[in-house]
Amino acid sequence: DTGVSQDPRHKITKRGQNVTFRCDPISEHNRLYWYRQTLGQGPEFLTYFQNEAQLEKSRLLSDRFSAERPKGSFSTLEIQRTEQGDSAMYLCASSLPGQGAREQYFGPGTRLTVT
Amino acid sequence: KQEVTQIPAALSVPEGENLVLNCSFTDSAIYNLQWFRQDPGKGLTSLLLIQSSQREQTSGRLNASLDKSSGRSTLYIAASQPGDSATYLCAVFGYSTLTFGKGTMLLVSP
Numbered sequence: 050d051t052g053v054s055q056d057p058r059h060k061i062t063k064r065g066q067n068v069t070f071r072c073d074p075i076s077e078h079n080r081l082y083w084y085r086q087t088l089g090q091g092p093e094f095l096t097y098f099q100n101e102a103q104l105e106k107s108r109l110l111s112d113r114f115s116a117e118r119p120k121g122s123f124s125t126l127e128i129q130r131t132e133q134g135d136s137a138m139y140l141c142a143s144s145l146p147g148q149g150a151r152e153q154y155f156g157p158g159t160r161l162t163v164t
Numbered sequence: 103k104q105e106v107t108q109i110p111a112a113l114s115v116p117e118g119e120n121l122v123l124n125c126s127f128t129d130s131a132i133y134n135l136q137w138f139r140q141d142p143g144k145g146l147t148s149l150l151l152i153q154s155s156q157r158e159q160t161s162g163r164l165n166a167s168l169d170k171s172s173g174r175s176t177l178y179i180a181a182s183q184p185g186d187s188a189t190y191l192c193a194v195f196g197y198s199t200l201t202f203g204k205g206t207m208l209l210v211s212p
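Chains as they are written, first to last, in our numbering: chain A, 50 to 164; chain B, 103 to 212.
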């Protein structure tokens, strides 16, 4: 399977703990996006990488959130000191390089539950 | 700030009906518009991508149209099937990211 993969698929953690999610994009895609989706809502943009450069961050990405893409391939999203409000589906997407906007392909998501 | 609205929020139809899902957006400065399907608890599957210069795209029983000047898109599903039951999301690509609507939850009954 050469699609976008995410790990883990599910994570249950206690409030105050740190969690880290991983995303592996489609191999030739140099753009990688993170979104968050809560129940009954559409996904909301968190951050975006082109190669290893983090080009944009949403106001939703508080200081407790950090994302990296060290070698321009896989990316990690870390949440420190988790809160119950962080419970959501975290989605990763990737797209081809080139000018303008390209079709985004999404992974299966990581569902986070903070108890 | 871009806002995307989808109507209706939910739709229930008997198998075989043709149906239309609506999407509107407030800022017409978009690069493209994508329609996605999401099954419960799953990720998003891209259905159709319409570039801003295009008026419509077709894939099988699906046809999506785009009227950028009026800020509207429609997704037409022909001869609906129970397997089409899912949430359908519309998203527009502006400066650097997708902005999503809340989706239309579709239920097709046998």
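Calculated from the structure, these hints are not laboratory results.
Source: prediction; values computed, not measured.
Idealized CB from N, CA, C, for every residue including glycine.
Hints may contain errors.
[Unchecked claim] With a Cα cut of at most 27 angstroms, we get these calculated DSS-like pairs of lysine-lysine:
(1) Lys-204(B) <-> Lys-103(B)
(2) Lys-144(B) <-> Lys-60(A)
(3) Lys-60(A) <-> Lys-204(B)
(4) Lys-106(A) <-> Lys-120(A)
(5) Lys-106(A) <-> Lys-63(A)
(6) Lys-144(B) <-> Lys-204(B)
(7) Lys-103(B) <-> Lys-170(B)
(8) Lys-144(B) <-> Lys-106(A)
(9) Lys-170(B) <-> Lys-204(B)
(10) Lys-106(A) <-> Lys-103(B)
(11) Lys-60(A) <-> Lys-120(A)
(12) Lys-63(A) <-> Lys-144(B)
(13) Lys-204(B) <-> Lys-106(A)
(14) Lys-106(A) <-> Lys-60(A)
[Unchecked claim] Between beta-carbon pairs, the in silico distance windows are:
(15) Gly-89(A) <-> Asp-129(B): 32 to 42 angstroms
(16) Ser-161(B) <-> Asn-67(A): 38 to 48 angstroms
(17) Lys-144(B) <-> Arg-71(A): 10 to 20 angstroms
(18) Thr-125(A) <-> Ser-198(B): 14 to 24 angstroms
(19) Leu-88(A) <-> Asn-124(B): 18 to 28 angstroms
(20) Ser-172(B) <-> Arg-71(A): 34 to 44 angstroms
Structure-based check of each hint:
The suggested pairing of Lys-204(B) with Lys-103(B) holds, with an alpha-carbon distance near 16 angstroms, which does not exceed 27 angstroms. Between the alpha carbons of Lys-144(B) and Lys-60(A) the distance comes to roughly 15 angstroms, so the proposed pair stays at or under 27 angstroms and holds. Among the hinted pairs, Lys-60(A) with Lys-204(B) is consistent with the structure: their alpha-carbon atoms are about 24 angstroms apart, no more than 27 angstroms. Restraint check for Lys-106(A) and Lys-120(A): the C-alpha separation of about 19 angstroms stays at or below 27 angstroms, so the hint holds.
Taking the CA atoms of Lys-106(A) and Lys-63(A), the gap is near 26 angstroms; set against the 27 angstroms cutoff, the hint holds. A distance of roughly 15 angstroms separates the Cα atoms of Lys-144(B) and Lys-204(B); the hinted pair therefore holds under the 27 angstroms criterion. Of the supplied pair hints, the one linking Lys-103(B) and Lys-170(B) holds, its CA atoms being roughly 16 angstroms apart against a limit of 27 angstroms. Of the supplied pair hints, the one linking Lys-144(B) and Lys-106(A) holds, its CA atoms being roughly 24 angstroms apart against a limit of 27 angstroms.
Restraint check: the Cα-Cα separation between Lys-170(B) and Lys-204(B) comes to about 20 angstroms, which is no more than 27 angstroms; the hinted pair holds. Annotation: proposed proximity of Lys-106(A) to Lys-103(B) holds, straight-line Cα distance about 15 angstroms (limit 27 angstroms). Distance restraint check for Lys-60(A) and Lys-120(A): the Cα-Cα separation of roughly 25 angstroms lies within the 27 angstroms cut-off, and the hinted pair is therefore satisfied. This hinted pair checks out: Lys-63(A) and Lys-144(B) have alpha carbons roughly 23 angstroms apart, not beyond 27 angstroms.
The suggested pairing of Lys-204(B) with Lys-106(A) holds, with an alpha-carbon distance near 21 angstroms, which does not exceed 27 angstroms. With a CA separation close to 23 angstroms, the supplied pair Lys-106(A) and Lys-60(A) stays within the 27 angstroms bound. About 24 angstroms separates the C-beta atoms of Gly-89(A) and Asp-129(B), a value inconsistent with the hinted range of 32 to 42 angstroms. At about 42 angstroms, the beta-carbon gap between Ser-161(B) and Asn-67(A) stays in the expected band of 38 to 48 angstroms.
Checking the proposed 10 to 20 angstroms range against Lys-144(B) and Arg-71(A) shows it holds: the Cβ atoms sit about 18 angstroms from each other. Under the hint 14 to 24 angstroms, the C-beta atoms of Thr-125(A) and Ser-198(B), about 21 angstroms apart, fit the expected range. For the pair Leu-88(A) and Asn-124(B), the beta carbons lie near 22 angstroms from each other, so the given range of 18 to 28 angstroms is met. Taking 34 to 44 angstroms as the suggested C-beta distance range, the pair Ser-172(B) and Arg-71(A) conforms, at roughly 41 angstroms.
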